[in-house]
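Asks: Next come the chains, spelled out residue by residue.
Protein chains: 2
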Amino acid sequence: MKADIFIIGTGLIGGSLGLALKGSPLINCIYGYDSHPESLQTAKNIGAIDEAVSLVNGASKSDIIFICSPLSHYQSIITEITPVLQEDTIITDVGSTKEEVMEIFNSLPNNIWGIGGHPMAGSEITGINGADRYLFENAVYVITPAKTPSEQVSKLIAILKNTGAKIIIQDAKTHDELVATVSHIPHLAAVALVALTQGKRDNLTLAAGGFRDTTRIASSNPELWEDILLFNRNHILNKLDELVLILQDIKNTILEEDNKKLLSILSAAKQIRDEIPKARKGLIPSYHDVVCIVPDEPGIIGKLGFILGEVNINIVDIEILRVREGDGGTIRLGVTDAAAARKATETLLNNNIKAWIR
Amino acid sequence: MKADIFIIGTGLIGGSLGLALKGSPLINCIYGYDSHPESLQTAKNIGAIDEAVSLVNGASKSDIIFICSPLSHYQSIITEITPVLQEDTIITDVGSTKEEVMEIFNSLPNNIWGIGGHPMAGSEITGINGADRYLFENAVYVITPAKTPSEQVSKLIAILKNTGAKIIIQDAKTHDELVATVSHIPHLAAVALVALTQGKRDNLTLAAGGFRDTTRIASSNPELWEDILLFNRNHILNKLDELVLILQDIKNTILEEDNKKLLSILSAAKQIRDEIPKARKGLIPSYHDVVCIVPDEPGIIGKLGFILGEVNINIVDIEILRVREGDGGTIRLGVTDAAAARKATETLLNNNIKAWIR
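So the sequence lines, in the order shown, correspond to chains A and B.
Going by my numbering, the first sequence opens with residue 2, and the numbers climb by one from there.
Going by my numbering, the second sequence opens with residue 2, and the numbers climb by one from there.
Isolated chain A (complex conformation) (with noise of 0.2 angstroms):
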């Protein structure tokens, strides 16, 4: 039997969880709601829904029901919708913290089916306007379903699968624990990196790649942030604390001119930050790398990218390395496997780039 399904919130994440389910076979119609009508309608006319409706009338027609609001709505919205849910009804979210989503759920009444989700997946275009069906694909898709049974998890799986997203199972705990070290901390960190210039124009003279880099995420959205970190709080507190000790660690090994274990903390995060591609095989594609030096002119990427699509080479990943104005830059290419590494390269060289496999 086709599920019908209900969105609320048709914002960047909600629209394009519609766009990204549209079509399923599994799929009867996708109801939408928004406090916003404007975007409600976008979602409308970009077809991330296919009818617009009330909080209660689409909670009251549908089997399966997406959250797609900010983290302090759930508890107005869950109590709003359940006096007209339909008997086993998959009520799920797309939070980035699951414990206190998961103590909302548990509110729920005894047929009604609560399992969170949490997409790690988004864009710098926020709202409708940035909805994309491509949105999650290869992208991790959590789900805490916690107690409920594995008939009603399937069918929310496999509901999700449109998506294209790696789905996990773990628990709420966990999750919130994992984004708590892996997403929020490293957040703090580069809005203290930030906060440590003071803002000073001259403190930013000398400020490259690696600040670049350290503290790119420190220009996202503050509202949504200040959400996330109040909702994971006490996980947050924790990992705060241990962050700090590891610092004081650092400093008194400078403090002490402890040159051995100073690079023994140098080389042990080494060790571990150049495994994060290996250890993520299989969630996001392995780039086999080619650098290559191009001269400035207008095309001059179209020219590579026409070089190697003429031997059927794909380039999946492209950085600009340097760039020098009126002189050229550094390139490097992404490329599927070693094997298209070494082709891209004999090809670049055959053309008189510079090329080599990094």
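For the record, the hints were derived by calculation from the structure and aren't laboratory data.
Treat the hints with care, as some may be off.
Pairs count within a copy or across copies, as identical chains cannot be separated in the list.
List of simulated lysine-lysine pairs, BS3-like, C-alpha gap at most 25 angstroms [said to hold, decoys possible]:
#, residue 1, residue 2
1, LYS240, LYS271
2, LYS240, LYS201
3, LYS355, LYS201
4, LYS240, LYS148
5, LYS174, LYS240
6, LYS262, LYS240
7, LYS148, LYS262
8, LYS62, LYS45
9, LYS201, LYS167
10, LYS162, LYS45
11, LYS355, LYS344
12, LYS355, LYS261
13, LYS252, LYS240
14, LYS344, LYS304
15, LYS174, LYS201
16, LYS162, LYS252
We have chain A; now place chain B onto it with these hints.
Replies: Frame of chain A; chain B shown alone:
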């Protein structure tokens, strides 16, 4: 009168410097020395130096000496070459910290001019094999002349201009404090963030783009960084204390659930971070970005470049924001000005490629 140049240490920086200075009408001969004979031979073979010499021989017949060795070797090099130096020789270096270097230079005889230098450029390839004559193009190159007369400073600047770098004069203390703030402390923060994961593969399952950006520099050469951190010890210790205070302030803000203050901390960081490209105007080209969605097929990047090259638009930066195997990707293109961004968007749309100005 043309200058004779001596490069001590023909690795990545020394070799790149030789290649960049090559052919300058201000230069007579580029001598080179390296404690590794292979590296010296390669430097000669690729034309980074004109002649391989001994340390004393090169020092005795050069007008400008570039020390491009690890910081820990400076003192012994200076001690060895001082007796043979000609009057009015300029000694400069390329090390990452400047106060300790200037102290070493202080011991030079009165008629020898020590001017610290720090080209802020690097490469993922270490050693002479990474040598690139464009390495310094558009990079910031700090010099710290202290009390050197302007005649000698101008002479060095005239030579350095051949590298295409943007030369900035600073005093050593200011330089070292700035690089502690925008380079060394971010480096240690990246190391600490990686250490926080304890290297457990499970802890990295959810590591996404934010973590990768923030910790990228933790993959750098540990030996090089050990040297830098110990040479800039005092500023680093001070700034580490400041960073910990900022993190503790953030912690207390979250602990007290002070939403208003948390939002203001996040917003202030965003505002400063968003300013960075503007603050660097004139030092790096400022880009205007166009984002487009393309299918995943061999040659698609070539096609993009070709379409835009035909209307004379130069892609000066390119980044693959998302990639979906077999299904396409979202690409950011940097172009030189707002008019080019408009024209690029229009051209792509005319070619049925979804595109917008970011």
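Asks: Going through the earlier hints one by one, which of them does the structure break, listed in rising order?
Replies: 3, 4, 7, 12 and 16
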